[in-house]
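Protein chains in written order, with the numbering used here: chain A, 1 to 58; chain P, 1 to 544.
It should be emphasised that the hints constitute simulated quantities derived from the structure, not laboratory data.
These numbers come from a predicted model, not from an experiment.
Do not take every clue at face value.
One side only, chain P facing chain A, incomplete, derived with CB under 7 Å [to be verified]:
1) I140
2) D142
3) A214
4) R249
5) A260
6) W281
7) Q305
8) G332
9) K507
10) P513
11) L522
12) A526
What follows is a list of derived Cβ distance ranges for each label pair [as the list claims (entries may be wrong)]:
13) P:S198 to A:R34: 37 to 43 Å
14) P:Q346 to A:A38: 18 to 24 Å
15) A:A46 to P:T487: 18 to 24 Å
By construction, the Cβ of each residue, glycine as well, lies at the ideal position given by its N, Cα and C atoms.
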Amino acid sequence: MSPSSTRPPPGADLVDSLERIARGAGVTSQQPRRLDPAPVLPAIPARVGSALSDVPSS
Amino acid sequence: MADETYAATSGAAGAAGVWTAIVTIAGVDRSSIVVGEIRIEADESSARIAELTVRPPAASVFSVPDWVGKSISIDIANNASGTPADIRRLFSGLIDTPALDFDLKTIHLRCTDNLQAVIDALDNAAIDALTPGASFSPAIFDAAAIGWGRLQDRLSTLPAAVDLDLTGAPRLTAWPAKLSADIAFTDAHLLDGSLSVSLSSRHQLVNQIVITFAYRFPRVKADRYGIAYDYVSDATISQHVIDGNRFLRRDTCDAAIKAAGGTIESITYTPMPNVPVIGSWVQGPDDYQLCMGFSASVSFDFAQQIQETHTITVSTPGSIAAVGTLAERISGAMEGVYPQIQTAEQSILLYSNAISGIPPMDSATPVQGFTTAANVTLTAETDRTAANSAMTTLIDVAKTRIHGAHRRNSVSGRVPLNPALDLDKTVSVAAAGVAAKGKCVRVVHTLSPQSGEAVSDFSIAICSVAGTGVSHPETPTTAPTGSLPATTPLLGTPTAVFNDGPSEDHKLVVTFPGVEAVERNLAQIALSASYDATIPEDPLSITL
Chain A
1 MSPSSTRPPP
11 GADLVDSLER
21 IARGAGVTSQ
31 QPRRLDPAPV
41 LPAIPARVGS
51 ALSDVPSS
Chain P
1 MADETYAATS
11 GAAGAAGVWT
21 AIVTIAGVDR
31 SSIVVGEIRI
41 EADESSARIA
51 ELTVRPPAAS
61 VFSVPDWVGK
71 SISIDIANNA
81 SGTPADIRRL
91 FSGLIDTPAL
101 DFDLKTIHLR
111 CTDNLQAVID
121 ALDNAAIDAL
131 TPGASFSPAI
141 FDAAAIGWGR
151 LQDRLSTLPA
161 AVDLDLTGAP
171 RLTAWPAKLS
181 ADIAFTDAHL
191 LDGSLSVSLS
201 SRHQLVNQIV
211 ITFAYRFPRV
221 KADRYGIAYD
231 YVSDATISQH
241 VIDGNRFLRR
251 DTCDAAIKAA
261 GGTIESITYT
271 PMPNVPVIGS
281 WVQGPDDYQL
291 CMGFSASVSF
301 DFAQQIQETH
311 TITVSTPGSI
321 AAVGTLAERI
331 SGAMEGVYPQ
341 IQTAEQSILL
351 YSNAISGIPP
361 MDSATPVQGF
371 TTAANVTLTA
381 ETDRTAANSA
391 MTTLIDVAKT
401 RIHGAHRRNS
411 VSGRVPLNPA
421 LDLDKTVSVA
431 AAGVAAKGKC
441 VRVVHTLSPQ
451 SGEAVSDFSI
461 AICSVAGTGV
471 SHPETPTTAP
481 TGSLPATTPL
491 LGTPTAVFND
501 GPSEDHKLVV
511 TFPGVEAVER
521 NLAQIALSAS
531 YDATIPEDPL
541 SITL
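Kindly generate the complete structure, drawing on both the sequences and the hints.
And the structure:
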């Protein structure tokens with residue numbers, strides 16, 4: 001029995017070769033990106049401060 | 001022009017051309033064992049491919065290392081004199097895949113000019129030098145992409161193609177045709193019936209790209225209030241003493257304001273009457289610390305997140321007028337990196353109140369009666385400059401995509417093999433009612449030693465939509481205008497109350513309004529900009 005040829009059909013070689021060798025032409029790493037939801041900062045309510053001044057007037 | 005013909009294939013002085021192929025493998029001339037057709041194919045932005053078949057001498061031993069990866073060159077020469085002359089290079093590269101045919105005892109060789117490996121071997125600086133004028137943003141592309149990937153990223157922003165010349169050196173060729181064609185073919189050069197025109201479908205066109213880019217970052221802000229309060233006056237102080245009410249210390253005013261979280265920008269106190277005795281009150285040596293009231297300017301620092309949503313429209317109005325709107329969308333986003341916002345707020349507060357000697361990275365300059373804002377120092381990868389770079393990169397991507405979509409028309413033809421035809425050439429055609437000029441995007445050289453035929457098939461890209469001579473002016477790519485820190489008037493009013501009655505708690509209570517929600521919550525800012533993308537209309541006229 002003679003060895004069989006491993007050669008694919010005519011034309012298929014070229015296509016395979018081109019696809020492999022020219023793989024990625026024009027394909028970029030650009031990806032659509034979106035922001036994660038923004039963290040909610042706490043509201044700042046009215047700011048109140050007090051201090052004692054217990055100085056009698058007499 | 002002398003490049004339209006090659007004497008070895010076109011003939012000269014009434015004589016037919018006589019050519020011969022010279023195939024050199026690993027430095028050895030193996031032309032004698034080549035059988036059948038030699039085909040060399042070059043497509044824009046792709047590796048140049050060669051295919052040929054060799055038949056080694058009978059009983060030769062096949063060894064993989066003798067073939068795989070070996071260098072190969074293919075030349076054509078004028079053999080009219082019996083000696084190869086005017087030798088021209090058609091291909092140089094490496095044998096990629098040998099395929100055996102046991103029936104015919106031949107080896108089919110598939111060869112490549114090794115474009116990807118050559119590019120992959122370049123460092124980033126070399127790739128950037130190869131693509132001058134390209135845009136790049138790590139926020140849009142993979143910052144870690146190297147070699148072939150980085151080249152593709154940069155080329156997506158540049159109307160140009162990179163392939164290898166016949167010496168194996170990378171070269172960049174702009175898409176637009178040169179002003180003067182390198183090669184001008186006429187009826188005299190083209191083989192009969194070989195001319196064809198392929199026109200792009202409308203649905204393949206893109207003439208408007210809408211970019212959405214979101215940019216979120218913090219700004220520091222400051223409220224500055226004026227507060228004035230007098231609990232007693234020269235006119236009422238006598239009764240105040242009679243009622244046994246309390247006096248207010250100056251340091252109590254400061255303490256109350258700081259307890260509210262305020263920073264005292266300035267403060268003045270209403271002094272006690274300049275008299276030694278008021279009723280039962282006799283001024284003591286320490287009573288200079290008392291006051292009848294105060295007037296202060298007090299600031300509060302905080303931060304807010306800003307989210308700009310840029311809607312950037314890139315279009316070619318001339319194309320839209322000709323074929324209608326054919327739109328695509330692309331998007332991007334970036335978040336400004338800054339220390340945790342509440343940590344930054346605390347840093348400002350601690351420094352402002354002299355609790356910490358470490359100055360905050362950023363703070364707004366307070367202006368009394370207003371809320372002011374200031375930009376902050378973001379990382380270089382996420383600051384305004386980086387955001388602008390990301391947006392200009394996307395604009396260039398859009399412009400390039402629009403240009404690319406408009407150059408899918410092509411004119412093709414076949415000529416006697418012409419070694420000068422290459423992907424960096426601008427070719428004009430004036431034959432069979434077709435006049436066109438464009439950049440060469442495909443060349444296939446086919447050499448058939450058995451038939452004696454050697455031809456070159458070529459295609460040129462024609463950028464066309466509105467017609468030859470129509471111009472499509474371009475808006476230069478500049479970054480869209482972003483938002484600016486704003487100053488807005490304060491709405492509320494602070495208050496102060498001194499509980500000075502003998503049976504009260506004797507506390508001074510100051511109250512400053514809370515921060516308005518519009519100043520604190522995420523601020524969504526919509527911005528829009530428009531840019532015109534240019535497309536050069538290549539000459540194309542067809543007379544049927």
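Hints and how they fare:
| no. | hint | verdict |
| --- | --- | --- |
| 1 | I140 | holds (6 Å) |
| 2 | D142 | holds (4 Å) |
| 3 | A214 | holds (5 Å) |
| 4 | R249 | holds (5 Å) |
| 5 | A260 | holds (3 Å) |
| 6 | W281 | holds (5 Å) |
| 7 | Q305 | holds (6 Å) |
| 8 | G332 | holds (5 Å) |
| 9 | K507 | holds (5 Å) |
| 10 | P513 | holds (6 Å) |
| 11 | L522 | holds (5 Å) |
| 12 | A526 | violated (15 Å) |
| 13 | P:S198 to A:R34: 37 to 43 Å | holds (39 Å) |
| 14 | P:Q346 to A:A38: 18 to 24 Å | holds (20 Å) |
| 15 | A:A46 to P:T487: 18 to 24 Å | holds (22 Å) |
Of the numbered hints given earlier, the model fails hint 12 alone.
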